[in-house]
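S.K.: Residue numbers (our numbering), protein chains in the order written: chain G, 1 to 310; chain P, 311 to 656; chain S, 657 to 923.
If you're looking for bench data, these hints aren't it; they were derived computationally from the structure.
Examples of chain P residues lying across from chain G (beta carbon under 10 Å, computed): (1) R359; (2) A362; (3) L364; (4) P384; (5) R387; (6) G390; (7) F393; (8) A397; (9) L398; (10) Y410; (11) L412; (12) K413; (13) P464.
Subject to a maximum C-alpha distance of 25 Å in a straight line, what follows is the list of computed DSS-like cross-link-like pairs (lysine-lysine): (14) G:K177 with P:K465; (15) P:K420 with P:K438; (16) S:K757 with G:K274.
From the three backbone atoms N, C-alpha and C, an ideal C-beta is built for every residue, glycine too.
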Amino acid sequence: MKHRNRWMLLGLVPFVVMVLAFQLAPIASMLAGSVRGPGGSGITFGHYVKIFESAYYLKAIKNSLLISFYSSLIGIVVGLACAYSITRFTPKIRDRLLMLSNMTANFAGVPLAFAYIILLGNNGIFTLLFKEWGWDVFAGFNLYSWTGLVLVYVYFQVPLALLLLYPSFYGIRDQWKEAAMLLGARPWQFWRTVGLPMLTPAIFGTLGILFANAMGAYATAYALVGGNYNLLAIRIGSLVAGDVVNQPELGSALAVLLAVSTIVAVILNHWMSKRSQRFTASAASSGQASKPSRAGRAKPWRAVKKEAGA
Amino acid sequence: MSASYLELRGIRKMFGDSTVLNDVDLTINEGELVTLLGPSGCGKSTLLRCIAGLTEPDGGSIMLGPTNIGELPPRRREVGMVFQSYALFPNLTVYENIEYGLKMRGADKKERQSRCEELLALVDLENKKDAYPQQLSGGQQQRVALARSLAVQPKVLLLDEPLSALDAKIRKSLRTEIRDIQRRLKMTTIFVTHDQEEALTVSDRICIMNNGNIVQNGSPEELYAKPRTEFVARFMGSYNVLSREEAGRLFGVAGGSAASYALRPESVRLLPASAGEARRDRRVADGTIESISVLGNIVRYSVVSSGVKLTVDALNDGQSHRGEEGATVALELDPSQLLALEKEGA
Amino acid sequence: MIKSRAGWSHRALMLLLMVYLLLPLAATLLYGFAKQWQTTVLPESWTLEWFGEMFRDLRFLEALWTSLYLCAISVALSLAVMLPAVFVITVYLPKWETFMKGIVVLPYAVPGVVAAVGLIRAYSGGPIDIAGTAYILIGAYFIVVLPYMYQGIRNSLITVSAVELLHSAELLGASRKRAFATVILPNIWPGVIISTLLSFSVLFGEFVLTNMLVGGHIQTIQVYLYRRVGESGHLASAIAITYFLFILALSTVLMKLGKKMNGVAEK
Numbered sequence: 001m002k003h004r005n006r007w008m009l010l011g012l013v014p015f016v017v018m019v020l021a022f023q024l025a026p027i028a029s030m031l032a033g034s035v036r037g038p039g040g041s042g043i044t045f046g047h048y049v050k051i052f053e054s055a056y057y058l059k060a061i062k063n064s065l066l067i068s069f070y071s072s073l074i075g076i077v078v079g080l081a082c083a084y085s086i087t088r089f090t091p092k093i094r095d096r097l098l099m100l101s102n103m104t105a106n107f108a109g110v111p112l113a114f115a116y117i118i119l120l121g122n123n124g125i126f127t128l129l130f131k132e133w134g135w136d137v138f139a140g141f142n143l144y145s146w147t148g149l150v151l152v153y154v155y156f157q158v159p160l161a162l163l164l165l166y167p168s169f170y171g172i173r174d175q176w177k178e179a180a181m182l183l184g185a186r187p188w189q190f191w192r193t194v195g196l197p198m199l200t201p202a203i204f205g206t207l208g209i210l211f212a213n214a215m216g217a218y219a220t221a222y223a224l225v226g227g228n229y230n231l232l233a234i235r236i237g238s239l240v241a242g243d244v245v246n247q248p249e250l251g252s253a254l255a256v257l258l259a260v261s262t263i264v265a266v267i268l269n270h271w272m273s274k275r276s277q278r279f280t281a282s283a284a285s286s287g288q289a290s291k292p293s294r295a296g297r298a299k300p301w302r303a304v305k306k307e308a309g310a
Numbered sequence: 311m312s313a314s315y316l317e318l319r320g321i322r323k324m325f326g327d328s329t330v331l332n333d334v335d336l337t338i339n340e341g342e343l344v345t346l347l348g349p350s351g352c353g354k355s356t357l358l359r360c361i362a363g364l365t366e367p368d369g370g371s372i373m374l375g376p377t378n379i380g381e382l383p384p385r386r387r388e389v390g391m392v393f394q395s396y397a398l399f400p401n402l403t404v405y406e407n408i409e410y411g412l413k414m415r416g417a418d419k420k421e422r423q424s425r426c427e428e429l430l431a432l433v434d435l436e437n438k439k440d441a442y443p444q445q446l447s448g449g450q451q452q453r454v455a456l457a458r459s460l461a462v463q464p465k466v467l468l469l470d471e472p473l474s475a476l477d478a479k480i481r482k483s484l485r486t487e488i489r490d491i492q493r494r495l496k497m498t499t500i501f502v503t504h505d506q507e508e509a510l511t512v513s514d515r516i517c518i519m520n521n522g523n524i525v526q527n528g529s530p531e532e533l534y535a536k537p538r539t540e541f542v543a544r545f546m547g548s549y550n551v552l553s554r555e556e557a558g559r560l561f562g563v564a565g566g567s568a569a570s571y572a573l574r575p576e577s578v579r580l581l582p583a584s585a586g587e588a589r590r591d592r593r594v595a596d597g598t599i600e601s602i603s604v605l606g607n608i609v610r611y612s613v614v615s616s617g618v619k620l621t622v623d624a625l626n627d628g629q630s631h632r633g634e635e636g637a638t639v640a641l642e643l644d645p646s647q648l649l650a651l652e653k654e655g656a
Numbered sequence: 657m658i659k660s661r662a663g664w665s666h667r668a669l670m671l672l673l674m675v676y677l678l679l680p681l682a683a684t685l686l687y688g689f690a691k692q693w694q695t696t697v698l699p700e701s702w703t704l705e706w707f708g709e710m711f712r713d714l715r716f717l718e719a720l721w722t723s724l725y726l727c728a729i730s731v732a733l734s735l736a737v738m739l740p741a742v743f744v745i746t747v748y749l750p751k752w753e754t755f756m757k758g759i760v761v762l763p764y765a766v767p768g769v770v771a772a773v774g775l776i777r778a779y780s781g782g783p784i785d786i787a788g789t790a791y792i793l794i795g796a797y798f799i800v801v802l803p804y805m806y807q808g809i810r811n812s813l814i815t816v817s818a819v820e821l822l823h824s825a826e827l828l829g830a831s832r833k834r835a836f837a838t839v840i841l842p843n844i845w846p847g848v849i850i851s852t853l854l855s856f857s858v859l860f861g862e863f864v865l866t867n868m869l870v871g872g873h874i875q876t877i878q879v880y881l882y883r884r885v886g887e888s889g890h891l892a893s894a895i896a897i898t899y900f901l902f903i904l905a906l907s908t909v910l911m912k913l914g915k916k917m918n919g920v921a922e923k
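Build out the structure end to end from the sequences listed, making use of the hints.
M.R.: So, in structure tokens, the structure goes:
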């Protein structure tokens with residue numbers, strides 16, 4: 001028996017080779033590169049020091065953090081409202097709405113940036129229309145600025161938030177609402193005392209995914225503002241593969257910082273989904289098990305398709 | 311004490327084209343425990359939800375004392391409800407769950423605390439007050455749900471199949487516990503169940519429901535002894551329901567006026583085939599035992615006599631005659647035990 | 657009272673959301689067909705010129721072909737490597753599953769830019785110098801689709817309870833290899849096809865790795881689109897819409913397959 005199993009291990013060899021070569025080795029190389037001393041010898045934290053002393057790179061980090069934070073926050077608020085709304089429809093309409101959101105979630109990266117240029121760019125349809133109609137409220141708007149970027153980021157965050165959040169609304173059982181009503185609670189009191197606390201893990205978990213998604217987003221920003229806007233992902237790209245002077249060590253150090261931020265966000269998500277599992281498990285045990293299976297209909301691996309990183 | 315307290319008049323509810331409640335009338339006295347008993351889909355849970363205000367009836371009125379609560383939102387009806395799935399708030403502890411209604415009503419902290427302690431003692435869960443619902447057993451969770459709905463001192467307590475998610479042993483002990491608490495508090499209670507044994511043990515009065523109607527309403531003894539229709543007879547126990555023609559064959563008399571008759575399984579006695587003469591007022595018929603099953607203190611025989619299949623129950627006292635499967639036996643039948651049944655829907 | 661029928665506020669919110677989500681798509685679509693479009697809500701005149709030009713453009717067809725075969729090779733490679741690996745882990749080494757999961761989730765947590773930095777450092781110069789070639793890209797693509805392939809194959813194996821199936825086949829006298837080929841493979845095939853198609857559509861939309869690793873040498877459809885955006889807006893619209901329709905068709909097939917599988921599982 002043992003012998004036969006050992007033979008089966010051969011099936012793992014190609015997998016191990018591929019993962020070592022294209023996942024672990026590059027990460028190791030990047031880590032090593034970020035602490036490589038001048039001239040290729042010794043270990044130094046000089047690159048990190050340089051980053052934290054440079055107003056330019058600090059600004060890039062700050063911009064990235066801010067844009068990720070704001071776009072995730074807006075995304076989660078809009079996504080939360082829409083996710084609740086979507087659970088109020090009949091399953092047939094709900095599935096259609098979800099399909100449409102899922103479809104637009106595919107519309108990311110370069111094509112998305114391009115669509116926004118058509119709509120709101122310097123010669124965009126709306127820009128020209130508004131000018132024609134004399135609506136100067138939008139005169140100050142510039143797609144290639146911070147507000148423009150937030151707008152586009154929010155676009156790819158909303159469907160993602162929606163797809164990740166709506167199953168957890170099915171975890172809020174109607175009978176909890178009914179019990180609360182009979183005990184004298186108004187709807188908002190129910191949401192404050194039971195509904196939202198039950199959703200909290202899902203909300204923070206989704207926030208983690210959205211944040212990581214925005215931090216790593218490259219294609220959208222690159223296509224929209226090119227190298228002109230100071231974002232962490234864009235800086236890394238130009239330091240490593242750009243046309244300017246290549247500074248791979250500095251790029252590595254910046255990349256390590258970016259990776260740390262996204263990994264922390266993903267770990268947050270992992271924690272939170274564990275917590276919410278505890279809740280849903282309890283809900284499943286106290287009564288019919290039909291509800292959780294309905295919530296499980298959303299295939300997480302489909303919903304969590306990384307949108308902007310493409 | 312016996313004045314009608316909760317009074318339902320002409321409650322009607324349609325779901326699409328199907329009538330779920332068909333002009334139901336029901337009055338309940340103060341302090342009474344009334345059971346709505348019926349198969350699933352008979353409308354008993356919908357009726358309960360109408361009283362609570364969770365489902366809006368299409369017509370009819372609901373009076374609670376002098377108030378017409380049919381117009382009020384659920385939170386102002388002063389009605390407590392315990393759900394089959396407990397519906398405890400998973401993010402709150404046992405104590406916080408019980409406290410919830412008092413908090414929503416703006417009771418001050420001292421009052422809340424003394425009331426919660428009282429209820430925790432009532433359901434015997436003082437040592438679990440800081441636990442979360444998912445850390446409790448099903449029976450404990452249901453006791454918390456009971457305490458939670460009693461905390462706000464409702465005028466009527468509604469129990470929607472409160473025991474059906476529990477296993478048999480806990481179900482039996484919890485139903486006595488619920489009945490004790492109900493008696494102690496003199497709480498006007500409506501108990502919904504599909505289990506006739508449960509209904510017989512806990513109720514002051516039972517309403518049997520079928521197809522959106524209350525088909526019979528009476529004390530447990532009354533319902534068990536005198537089922538009015540075939541549906542009730544079948545639902546209340548293992549009554550043998552005989553057509554007029556079958557009853558005639560079995561008892562050797564050409565039938566009465568009713569369409570069907572009920573015969574209680576314990577009213578038939580099994581005798582050895584050679585038992586000889588019957589007593590004067592009894593009739594003896596031959597039969598063959600088809601199957602035997604032992605249900606604890608009762609042995610249930612399935613016997614075929616004159617082409618009629620009968621269920622016969624005998625006490626499992628180790629003394630009375632026991633045939634074997636396939637054996638020929640004599641049945642002692644008492645014509646006075648034959649109950650005439652009304653037509654369905656009469 | 658609590659009826660799950662959507663009130664007007666829910667309808668309005670959903671309408672707003674759909675307008676917001678579909679507006680950029682609609683604009684791109686219209687732009688691709690527009691001849692004259694300035695200062696009006698809808699284009700003033702229409703044309704098929706841009707789509708015609710796109711199909712006449714050799715570089716477009718070339719980029720499309722490059723994308724197709726690079727994605728196909730990568731997905732095929734992933735399938736060949738992942739099928740036996742996930743099978744062995746799930747069936748024979750369940751203890752290692754947590755470890756495997758950790759490895760497989762990593763591509764989620766590590767953004768494309770970061771992966772590109774590592775890959776460039778590891779493979780430009782040194783003993784294996786494959787920077788700028790298709791090899792490095794295929795390797796990178798393999799990692800990108802790792803989570804999708806793993807989840808898809810593993811879920812299929814679990815839904816068909818592969819371990820029990822395998823044991824009963826062996827008890828009936830089938831050899832292990834035969835059991836795998838005749839019992840396991842046909843049963844997990846639909847699920848595997850879904851994850852394959854999903855991986856394919858993910859790779860088709862990949863930009864950051866492609867651009868950073870091989871952007872100067874190999875043009876995929878995304879890189880081509882990026883280059884064209886600056887030149888002619890209308891042409892770029894036509895390309896974007898064609899690309900999007902392709903992805904849409906792929907996801908529709910995916911959903912239909914998924915529904916069909918769920919239907920089978922329910923029976």
